[in-house]
Every structure is written in C-alpha cells, then in structure tokens.
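**Student:** The residues making up each chain are set out below.
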Amino acid sequence: MHESREHLQTLTEIRSLMERSSKFLSLSGLSGVSAGLVALAGASIVYTRFRWQTLLPAPYGDRITSQLPGNDRTFLIGVAVVVLALALLSGVYFTIRKAHRQGQSVWNNSSRQLLRSMAGPLLTGGIFCLALLSYNLIWLTLPATLIFYGLALVSGSRHTLRNVESLGYCEIGLGLLTLFWPGYSLLAWAVGFGLLHILYGLAMYYKYERSTE
Amino acid sequence: MNQLLTNFNKAFESKARLSLMSVLMVNDSLSFNAFKELLGLTDGNLATHLRALEEAGFVSVQKQFVGRKPNTTYTATDAGRQAFTEHLNALEEFIKGI
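Chains A and B, in that order, are what the protein sequence lines are.
1 is the number of the first residue of the first sequence in my numbering; add one for each residue after it.
214 is the number of the first residue of the second sequence in my numbering; add one for each residue after it.
In case anyone wonders, no lab produced these hints; they're calculated from the structure.
Virtual Cβ for every residue (Gly too), placed ideally from N, Cα, C.
No more than 30 Å apart at the CA atoms, straight line, and that leaves these computed lysine-lysine pairs for BS3-like: (1) B:Lys249 with A:Lys23; (2) A:Lys23 with B:Lys282; (3) B:Lys228 with B:Lys249.
Partial selection, computed: residues in chain A whose CB lies under 8 Å from chain B: (4) Ile14; (5) Leu17; (6) Met18; (7) Arg20; (8) Ser22; (9) Ser105; (10) Asn109.
Given these sequences and hints, build the entire structure.
**Tutor:** Now the structure itself:
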C-alpha cells in the first residue's frame, strides 16, 4: 500500500514536470486585471477627446477616416505608447510575483517559448498597424490591434494556460466584428483590451491562484 | 508476468531518468541548466543520468558556445522516443494486469 502511494506520487511529479517544462504557468490572472484597467483608463482618455469621431456610429468614410490634425495623431500615439508600457509593466510585475511565490524563475525555457510564439503575430500586427496609422485609418487600426493580439494569444496558448486560447478567439471575433461597425471601434477596443482582460484575469485568479495566496 | 517484464527498459529504471525522458518527450530540446532547474538535481547526478541515456542512444547531445559560455542541449532521438513509448506501454499493460 505504502509503495503504491509512492509510485503514484512519482507519476504526479513527472506529470507536473512535463507540464512545467513545456508551459509557462506563472502567468498571473492579476496581470490580466491590471492590463485591463490600464486599457480602460487609456480608452476613456481617448474618448474624452475624440468621442464624436470614433465612438458614435458615424457614416462610413466621414469624420473617422478624414485627416486627423497632426497634434491629434501625436496625442493618440502617445496614449497608446503609455498604455502599452504601463500594461506590460504591471502585467510583468504580477507574473514575477507569482513565479517567486511558486519558487520558479520567470526567464526559463517555457517563457522563452511563449514569447517566441507570440512574437510573430505581434510584430506583424505592429508594423501593419503603423502602416494603417500612417494613412490615418484610425478606425481600422483599433480592430487590427485586437485581431493581431488575438492571433498572438492563440499561437502562444500552446505554451501557457490553455484558457488563453479562448481569450484569443474572443479578441479576434471582436476585432473582425468591429470591421463592419467602424463607428464602435473605440468601444470595441475598450471591451477587448479592458473588459475581456479583467474578466479573464479574475476568472483565472479565482480558478488557479486564490487558494495559494 | 515475465513476458510482460521483457519490454521494461532498464535505461528508464530510475525516477530521474523517467523524468528526464518524459520532459524530453514534450520539448524539442532542453539545456543542461534547464534540466537542473526543473529537476533540482546536482550537476554530477544529472550528468550521470544524461550520459546513461546518451550511451543507450536515446538522447543526442549538442554542444555549442553562447558567447564564451559552453551551452549543452539535449534532444530525444527517434530510438529514444520509441523505446520510451514501448516502456510506457509495458508499464500500462503491467498495471492493467494487477
């Protein structure tokens, strides 16, 4: 009896080794929540300045596609850069914290694989969006960020918590849908990067982490 | 009983080797340091187990330099994958027979 329990223990350990070596499981739900909050804050700042241009259903090709004054574009890009930096910083912080609590390193084989698999879609999307921005196609840029980010999540989900895949498909679906309702692009962006991250993060936090806090 | 046990592979007898091989089944390749971190074995202990698997032809070793530091990575060979799968099948049969 005692021996069989020992063997069972060995099997459990090996299974955990296989999972840990190929998947980055230290991704914290709180990272999602913090990134979501930052995105919501960014979206509301943009909304206070552009509400009539980007949030309301506008006729196609009207104000939303017209030339943005240079300082408006600088403002938009500035907000985007700050949001991206803050979201990354806070996300990385909570993930490092979780990894330390689990006694694992953050920079290991599985986190490198995760980053590598996300890099392709993210870099492609980044350059694609820069090109759209250079043509002032703000209403297209917002759903494009959702779509490429979603693709990156789907591609990265092989190397982390499997649930990331469904979050990815939600982002892609939302982005594609928004292509047909361009007037709602800012709202969709806020839902995709803000609300979905917060909901997903909370779900993951309660499912995997709360018990170990 | 004896017939079942013939498919058990001596090379995978210890828990450490079973673990090493399991990890290599789900990763394309892994460095010595990654193994060390994962399994928490000492350098000497880990090297011995890896060498045993290498000598059995189940693991191939690639040595290269990253900058000036030597970096050794390990990959499961086709023979290793097959032998490990057969070993697992034998274990499964054995457990079913109990």
